[in-house]
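*Asks:* In case you want the letters, here they are:
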Amino acid sequence: MIRQPLRPLTRILQARAKGESTEAIERENRRHRHEEMREKMRGRAALRLKFLAFCFFAAFSAIGGQMAVLASSDAEEPTIQSAEGPAPILSDRADIVDRNGRVLATNMETYSLYAQPQQMIDPHFAADELARIFPELDHERLVADFTGDRRFLWIRRQISPEQMQQVHDIGDPGLLFGPRQMRLYPNGSLAAHILGGSSYGREGVSSAEVIGVAGVERYFDARLRDPYQQDPLELSLDLTVQAVMEEVLGSGMVLMNAKGASGIIMDVYTGEIVAMASLPDFDPNDRPALPTSGSPADSPLFNRSLQGVYELGSVFKAFTAAAALDAGLVNPNTIINTEGPLTWGRFRISDSHRMDPSMPVSEVIAESSNVGTARIAQMLGIERQKAFLDSLGMLEPTQVEMAEAPTGRPQFPENWSELSMMTISYGHGLAVSPLHLAAGYATIANGGTRIVPTLLRQDGPQVGERIISRQTSDQIRSILRGVVSHGTASLAEVPGYNVGGKTGTAEKPIETGGGYYSDKVIATFSGIFPANDPRYVIIISLDEPVETSGPQPRRTAGWTAVPVAAEVIRRTAPLMGLRPAVERWAPESIHQASQ
Amino acid sequence: MTEMVYGAAPVRAGDPVLPRWWRTIDKFSMAGILGLFGLGMLLGLAASPPLAERNGLDPFYYVTRQAMFGGLAIAIMFVTSMMTPLLIRRLAVLAFLASFIALAMLPFFGTDFGKGATRWYSLGFASFQPSEFLKPVFVVLCAWLMAAGQEVGGPPGRMWSFIVAVLVAGLLVIQPDFGQACLVLFSWGVMYFVSGASMVLIFSIFGLVVGAGIVAYNSSEHFARRIDGFLAAEVDPTTQIGYATNAIREGGFFGVGVGEGQVKWSLPDAHTDFIIAVAAEEYGLVLVLAIIALFLFVTLRSLFRLTKERDPFIRLAGTGLACAFGVQAMINMGVAVRLLPAKGMTLPFVSNGGSSVLAAGLAVGMLLAFTRTRPQGGMSDIFGRGR
Chain A
1 MIRQPLRPLT RILQARAKGE STEAIERENR RHRHEEMREK MRGRAALRLK FLAFCFFAAF
61 SAIGGQMAVL ASSDAEEPTI QSAEGPAPIL SDRADIVDRN GRVLATNMET YSLYAQPQQM
121 IDPHFAADEL ARIFPELDHE RLVADFTGDR RFLWIRRQIS PEQMQQVHDI GDPGLLFGPR
181 QMRLYPNGSL AAHILGGSSY GREGVSSAEV IGVAGVERYF DARLRDPYQQ DPLELSLDLT
241 VQAVMEEVLG SGMVLMNAKG ASGIIMDVYT GEIVAMASLP DFDPNDRPAL PTSGSPADSP
301 LFNRSLQGVY ELGSVFKAFT AAAALDAGLV NPNTIINTEG PLTWGRFRIS DSHRMDPSMP
361 VSEVIAESSN VGTARIAQML GIERQKAFLD SLGMLEPTQV EMAEAPTGRP QFPENWSELS
421 MMTISYGHGL AVSPLHLAAG YATIANGGTR IVPTLLRQDG PQVGERIISR QTSDQIRSIL
481 RGVVSHGTAS LAEVPGYNVG GKTGTAEKPI ETGGGYYSDK VIATFSGIFP ANDPRYVIII
541 SLDEPVETSG PQPRRTAGWT AVPVAAEVIR RTAPLMGLRP AVERWAPESI HQASQ
Chain B
1 MTEMVYGAAP VRAGDPVLPR WWRTIDKFSM AGILGLFGLG MLLGLAASPP LAERNGLDPF
61 YYVTRQAMFG GLAIAIMFVT SMMTPLLIRR LAVLAFLASF IALAMLPFFG TDFGKGATRW
121 YSLGFASFQP SEFLKPVFVV LCAWLMAAGQ EVGGPPGRMW SFIVAVLVAG LLVIQPDFGQ
181 ACLVLFSWGV MYFVSGASMV LIFSIFGLVV GAGIVAYNSS EHFARRIDGF LAAEVDPTTQ
241 IGYATNAIRE GGFFGVGVGE GQVKWSLPDA HTDFIIAVAA EEYGLVLVLA IIALFLFVTL
301 RSLFRLTKER DPFIRLAGTG LACAFGVQAM INMGVAVRLL PAKGMTLPFV SNGGSSVLAA
361 GLAVGMLLAF TRTRPQGGMS DIFGRGR
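Line by line, the protein sequences are chains A and B. For what it's worth, the UniProt record's numbering labels the leading residue of the first sequence as 1, then goes sequentially. For what it's worth, the UniProt record's numbering labels the leading residue of the second sequence as 1, then goes sequentially.
Excised from the complex, chain A in its bound form (with noise of 0.2 Å):
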């Protein structure tokens, strides 16, 4: 069909009027008309019918392409990944290291070992030869859990190199491995609660996390598990001053028949805790699980030097008789009426053995008068004792980086009335942990600022809040060297050191309420040295000791915490690298050859 007319009604017009039927040109009509039409939706066909190969070509270009990223990316072994969260599980935990660079914890490199039961070969062979490997598996569960229709159990959680080599040869490809960072703690238990101990978080197949769950790691896990922070953390411990401190506390424990044992080293001006130990302790590398039954404080768990708050006795009176003497009350050699027993309503307060009725508030301390304390804290009166100790941190938990340290709060009425001002003034009805004694004792002893606990390395000395003056200072510390040369403390002394101290004995009150008993104390020496120019505050406390060398058992302080202190201190004042002052040799019989 070539020839198209240009109206389409003209032949049919033309035909009509020369008679003939119109049927064969309308048909044609009607076909031109349908083969337009078809053009057209064939032309609107075509495009779709491209777009249509567009997007196959798309799509299959996207299969390809997947292939490939698929093909070049790196095989897998089959294992079950952990249904865990999309976090990703970092095993990394840094070092600890105390201030000398010597490891306190490090992490090795261990395994797992994990089942799949469906790749299992033998399941029987498997079960018997775990079963014996490790004797401790039940040998009928594992067989239940192989051929049962789990598809994934954990067999331990940690094996060594030769066990792990020998699960290997038995060669099931359903047994596998999983790498894990174990916490190691290579000085067993020295440092235990200051170190606290860890175990696994979030376990997956290819790693598990290391947590903190007491001490210094739980209190610094965010911190250790920071992917971006791995250099090691620096403590303020010395290691070979805990080592010591933990060897003569123990033997004194056992000599002196204690139940339990506290000692503290602290720089008095940085507050870095040199060393710290709470007997009985254990081995964070296999830490026990917390007691059932019995007192929690009986614990090795617990930590006596932080948690533990107890009425620590007549150490205090070395803040009654600082508060006194900065406040301008009294000066060192003050005549105290001593004579007792002091009567406060029904309350009698007197002294533990015979002493002058009237002595100078030095000699008051010396010879631990309760009745000349008592009489001094009078003239302070309540508020002013009160902020005083205040300012010392002894009414608020300590802020050491110690996850248990919000535990240790001290115990007071809650009425401070008279009668606890006079039996706070001798360490009775205050409860604080050897800590806040430590604190107490270097800020006093110091020059007068206060001093925060902290168990970090520090570059340089606390610049704290002024609490006495620096002649106040000088005065305490003369008079507590007083105690020790000629006082309570006499067996603390250690040439050339030249320590100063207090001692306390305080009656355990009994846990059921109502008095206190006669045979059960608290025996603790707080001391500094060297007292003419003090570098380091020492607290040793001893719970429930007697020493029976003697006739009589012995409890108080001066005959068995005393000598547990000066021991630790003969050993650990040269390791801190403090130097003897030993009086000047000038022999004169010696001339030299020339003269």
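Think of the hints as simulated: they come from the structure by calculation, not from any bench. One or more of the hints may lead you astray.
[To be verified] Lysine-lysine pairs mimicking DSS-like chemistry, simulated, CA-CA at most 25 Å apart:
1) A:Lys50 / B:Lys27
2) B:Lys308 / B:Lys27
3) B:Lys27 / A:Lys40
4) A:Lys259 / A:Lys508
5) A:Lys386 / A:Lys508
6) A:Lys520 / A:Lys259
7) A:Lys520 / A:Lys508
8) B:Lys308 / A:Lys50
9) A:Lys50 / A:Lys40
Starting from the known structure of chain A, fit chain B onto it as the hints suggest.
*Replies:* Positioned in the frame of chain A, the structure of chain B alone reads:
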């Protein structure tokens, strides 16, 4: 006089069948399809011996079987491609009726072979899946209805075809076989699109499909589990998908070597739904890309040839067949690379399996018949070229 004495030489109506077939058939597509079939045989050699071993048969039992069915399928393809569109249409409509009845009877006479879906008739020596045969003839039926609907004064063919499509899809969902149901709806949608559906309608249909998917997800545990498995971030490596992915990784670019593959020992469907994983593991990315290229080539070439087609029936039927062919391949391979949720769908011509390969032969034969060169009223037809 000669004629009067010896009788007239027999006059043939039109050209002889074979030469005309050879002249007008799309030889490149046919070569591509034969190539796919050859690759299918090659992969069958790798993938089916483990299955034969599990079933205690001769190692190459399934290979010979596939060769037999494949030969039959090729024959069906050749014969079908020689038919005229008119004949195909008539036969296909009859075949549609037959397979529709077979599909409807499945719940009563079918078997599920322990796979949780009643899709097969067990014939003893072979199984027969009516939906495989239903797909191509359904496409032809719908194309006929739609094309008729496009004529001036024609019946409402689109509506009718839509009703048929919904019926078929409904029967497939009952089995349940969501994959085939989607494929059927997809083929219908593509034909509807090409037949000139309004864009507004297409978008509403798209929305409807999404809605249906959500309903299926919420109502069918079977379906929901597959989708969940797909959406889960971590692939469980002990599932088929996990094994397939790993096999592709193992294979790398050039494969682990002929016969060295491991995945065929672990995957129950290694010779059918996951044959691409076997190919990827043993022959590497190279062969996989070749297979993808062949499928793409056949699909695209058919679609481009159909753009020149004037006859709406041929165009629609060809479109439906080509797209069903391409999409089935796409879904199969998309599943193996985790671009699509796990769905049991064979790779046309490459996967082993009786009725699947026969149906593929039938479909491709019809596709080749529809893409044959025909006079389209253009100048080249008038001057006698391209016949």
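*Asks:* Hints first: check each against the structure and report whether it holds.
*Replies:* Hint-by-hint comparison with the structure:
no.	hint	verdict
1	A:Lys50 / B:Lys27	holds, 21 Å
2	B:Lys308 / B:Lys27	holds, 17 Å
3	B:Lys27 / A:Lys40	violated, 29 Å
4	A:Lys259 / A:Lys508	holds, 13 Å
5	A:Lys386 / A:Lys508	holds, 23 Å
6	A:Lys520 / A:Lys259	holds, 11 Å
7	A:Lys520 / A:Lys508	holds, 6 Å
8	B:Lys308 / A:Lys50	holds, 11 Å
9	A:Lys50 / A:Lys40	holds, 16 Å
Hint 3 from the earlier list is the only one contradicted by this structure; the remaining hints agree with it.
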